[in-house]
Amino acid sequence: MPEIKPMEGNQAVAEAMRQINPDVVAAYPITPSTEVVQTFSSFVANGLVDTNYVAVESEHSAMSACTAAAVAGGRVMNATSSQGLALMWEILYITASLRAPVILTVVNRALSGNINIHCDHSDGMGARDCGWVQLYGENVQEGYDNLLQAVRIGEALDVRLPVMNCIDGFLVSHSYELLQVEDDAPVKDFVGPYQAVNPLLDISHPISIGPLDLWDYYFEHKRGQCDAYPPAKEAILAVGKEFGKTFGREYGLMEEFMLEDAELAVVALGSTAGVAKVAVESLREDGVKAGLLKLRAFRPFPAAEIAAALQGKKAIAVFDRAISFGAASGPLFSEVAAALYTAGQQIPALSVLYGLGGREITPEQISGVFRQLPEVASGGQPADPVLFLGVRE
Amino acid sequence: MSHYAPDAKYQELAPGGIIPQAGNAEEYSTGAWRLQKPVRRDEDCIDCMFCWVYCPDNACWTKDQSVKGLQFDYDHCKGCAICAQVCPKKCIDMVPEDQES
Numbered sequence: 048m049p050e051i052k053p054m055e056g057n058q059a060v061a062e063a064m065r066q067i068n069p070d071v072v073a074a075y076p077i078t079p080s081t082e083v084v085q086t087f088s089s090f091v092a093n094g095l096v097d098t099n100y101v102a103v104e105s106e107h108s109a110m111s112a113c114t115a116a117a118v119a120g121g122r123v124m125n126a127t128s129s130q131g132l133a134l135m136w137e138i139l140y141i142t143a144s145l146r147a148p149v150i151l152t153v154v155n156r157a158l159s160g161n162i163n164i165h166c167d168h169s170d171g172m173g174a175r176d177c178g179w180v181q182l183y184g185e186n187v188q189e190g191y192d193n194l195l196q197a198v199r200i201g202e203a204l205d206v207r208l209p210v211m212n213c214i215d216g217f218l219v220s221h222s223y224e225l226l227q228v229e230d231d232a233p234v235k236d237f238v239g240p241y242q243a244v245n246p247l248l249d250i251s252h253p254i255s256i257g258p259l260d261l262w263d264y265y266f267e268h269k270r271g272q273c274d275a276y277p278p279a280k281e282a283i284l285a286v287g288k289e290f291g292k293t294f295g296r297e298y299g300l301m302e303e304f305m306l307e308d309a310e311l312a313v314v315a316l317g318s319t320a321g322v323a324k325v326a327v328e329s330l331r332e333d334g335v336k337a338g339l340l341k342l343r344a345f346r347p348f349p350a351a352e353i354a355a356a357l358q359g360k361k362a363i364a365v366f367d368r369a370i371s372f373g374a375a376s377g378p379l380f381s382e383v384a385a386a387l388y389t390a391g392q393q394i395p396a397l398s399v400l401y402g403l404g405g406r407e408i409t410p411e412q413i414s415g416v417f418r419q420l421p422e423v424a425s426g427g428q429p430a431d432p433v434l435f436l437g438v439r440e
Numbered sequence: 883m884s885h886y887a888p889d890a891k892y893q894e895l896a897p898g899g900i901i902p903q904a905g906n907a908e909e910y911s912t913g914a915w916r917l918q919k920p921v922r923r924d925e926d927c928i929d930c931m932f933c934w935v936y937c938p939d940n941a942c943w944t945k946d947q948s949v950k951g952l953q954f955d956y957d958h959c960k961g962c963a964i965c966a967q968v969c970p971k972k973c974i975d976m977v978p979e980d981q982e983s
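Just so you know, the sequences run in chain order A and B.
The first sequence begins at 48 in our numbering and counts up one residue at a time.
The second sequence begins at 883 in our numbering and counts up one residue at a time.
I should point out that these hints are in silico values taken from the structure, not numbers from a laboratory.
Some hints here could point you the wrong way.
From the derived model, a few chain B residues whose C-beta atoms are all more than 10 Å from chain A [stated by the list, open to error]: (1) Lys891; (2) Arg916; (3) Asp924; (4) Asp926; (5) Ile928; (6) Val935; (7) Lys950; (8) Leu952; (9) Gln953; (10) Tyr956; (11) Ala963; (12) Ala966; (13) Asp975; (14) Asp980.
Simulated crosslink set (DSS-like; lysine-lysine; CA at most 30 Å straight-line) [claimed, not checked]: (15) Lys971/B / Lys919/B; (16) Lys960/B / Lys919/B; (17) Lys280/A / Lys891/B; (18) Lys891/B / Lys269/A; (19) Lys361/A / Lys280/A; (20) Lys269/A / Lys960/B; (21) Lys972/B / Lys950/B; (22) Lys336/A / Lys288/A; (23) Lys52/A / Lys336/A.
Think of the CB as a built atom: it goes at the ideal place given N, C-alpha and C, for glycine as much as any other residue.
From just these sequences and the hints, can you work out the full model?
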């Protein structure tokens, strides 16, 4: 029988890793994701898994070892945050280009400088173009569930992409919540055995990996990689549906909360979606037709689906917990706006930058943004399209 | 990448940028960017094979454990001059590509 246990986000991720029992974990722990690999290394030491755990000397080495182990033919996992993800940067692109389905839990944390250990999405957003699938979870249960699904999504034979399982640093990673831990056997059945594609260790079929690739073929290889993302979107839907049938919690590309009949909507990622739900519920009690679009898959970006979900709204606010310096708005806003433009929808929209470096976001603040939206709607586009929410000025 | 035709479409290439065969570097010419090419003066060569041992590109021709009289594979030699550096007899000259040897 599945058990309901109080667990932190990091422990939940480590528990999922124990159940998956990957072939290789090569890690260099960093706050706030430390506990994932710390807990998992105790599983290795206690013989609960037969993973080859490699303690490396940096995150650059960690992702190098993970990528190498994946192309060698193994199922590979890891966890990191912030500066750790930044140090992995050049390898992240290679992992995706080699179509190596490494699974990385990213416990989102602000990037230096100045140094800060708390939650924002600048690490994940910075890595948005490197070719990895990115799933953002709202709470401890989603951190656990998304990891189990990430394995199936990344390893699907028409996908073969690495996946980031993103959860908010401290807000989810260090928060105790009630987690439904599924039994080992159905989890193992759901995840299934690893199926290697063109593994380097298959010496009867030798191949060349990562060769020199100049003006003559590089562009074709990048174009080919683009074809992996539509199947990845399909895999997220199919695996989410199967997860629902198996464990009772169905997942899609996004979650629509009181959105269908909403006139005003907020778009958000991660734990902020939970805060926004409280705001939406209280606004509904006051007769405000508020709704939430919680995006789960940021990569591949479900542009058409987002445009369809927001169709007919009078005004929207897109919440970004990251700044794209020099850009006209937050990174999520830019993509949502492009999705609407492409779909021919002119919805007045506000870009909200909030929560940097762990700055708290409250239901009252989100309600306040909702209460600004009718004015945004009546005036067409807002006079100042970017709102810094919760900063002292 | 010479495993594929020069006009191969992206759909024809293996995913992950791999070449589904091994030992194919020989088929891909990388010598075009060389500025200086090594030329061995065979009259001073003692056939110690250092040039062959140190060459990072397997571009030093050999036959019957001898390099004498065979010169270099100019399709793959990138002109790094390691052979000239390690030669104990200093009998390998680095000749500019725009100059007759």
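Hint check results:
1. Lys891: Incorrect as stated: the minimum Cβ-Cβ distance to chain A is 7 Å, not above 10 Å.
2. Arg916: The claim holds: Arg916/B sits with its nearest Cβ about 15 Å from chain A, beyond 10 Å.
3. Asp924: With a cut-off of 10 Å, Asp924/B remains clear of chain A, as the shortest Cβ separation is near 32 Å.
4. Asp926: 35 Å, holds
5. Ile928: Ile928/B is indeed farther than 10 Å from all Cβ atoms of chain A, at 35 Å.
6. Val935: Val935/B is indeed farther than 10 Å from all Cβ atoms of chain A, at 24 Å.
7. Lys950: Its Cβ never comes within 10 Å of chain A, the nearest being 31 Å, so this holds.
8. Leu952: Since the minimum Cβ distance to chain A is about 26 Å, Leu952/B lies beyond 10 Å and the statement holds.
9. Gln953: Holds: least Cβ distance 24 Å, greater than 10 Å.
10. Tyr956: 18 Å, holds
11. Ala963: Correct as stated: the minimum Cβ-Cβ distance to chain A is 21 Å, above 10 Å.
12. Ala966: Per Cβ check, Ala966/B is outside 10 Å of chain A; nearest 24 Å; holds.
13. Asp975: Since the minimum Cβ distance to chain A is about 28 Å, Asp975/B lies beyond 10 Å and the statement holds.
14. Asp980: 23 Å, holds
15. Lys971/B / Lys919/B: It holds: about 18 Å lies between the C-alpha atoms, which stays within 30 Å.
16. Lys960/B / Lys919/B: Holds, because 8 Å separates the two Cα atoms, which is no more than 30 Å.
17. Lys280/A / Lys891/B: 24 Å, holds
18. Lys891/B / Lys269/A: Distance ~12 Å between Lys891/B and Lys269/A Cα, so the pair holds.
19. Lys361/A / Lys280/A: 28 Å, holds
20. Lys269/A / Lys960/B: It holds: about 27 Å lies between the C-alpha atoms, which stays within 30 Å.
21. Lys972/B / Lys950/B: 14 Å, holds
22. Lys336/A / Lys288/A: Given that 30 Å is the threshold and the Cα spacing comes to 29 Å, the pair holds.
23. Lys52/A / Lys336/A: 36 Å, violated
When held up to the earlier numbered hints, the structure conflicts with 1, 23 and fits the remainder.
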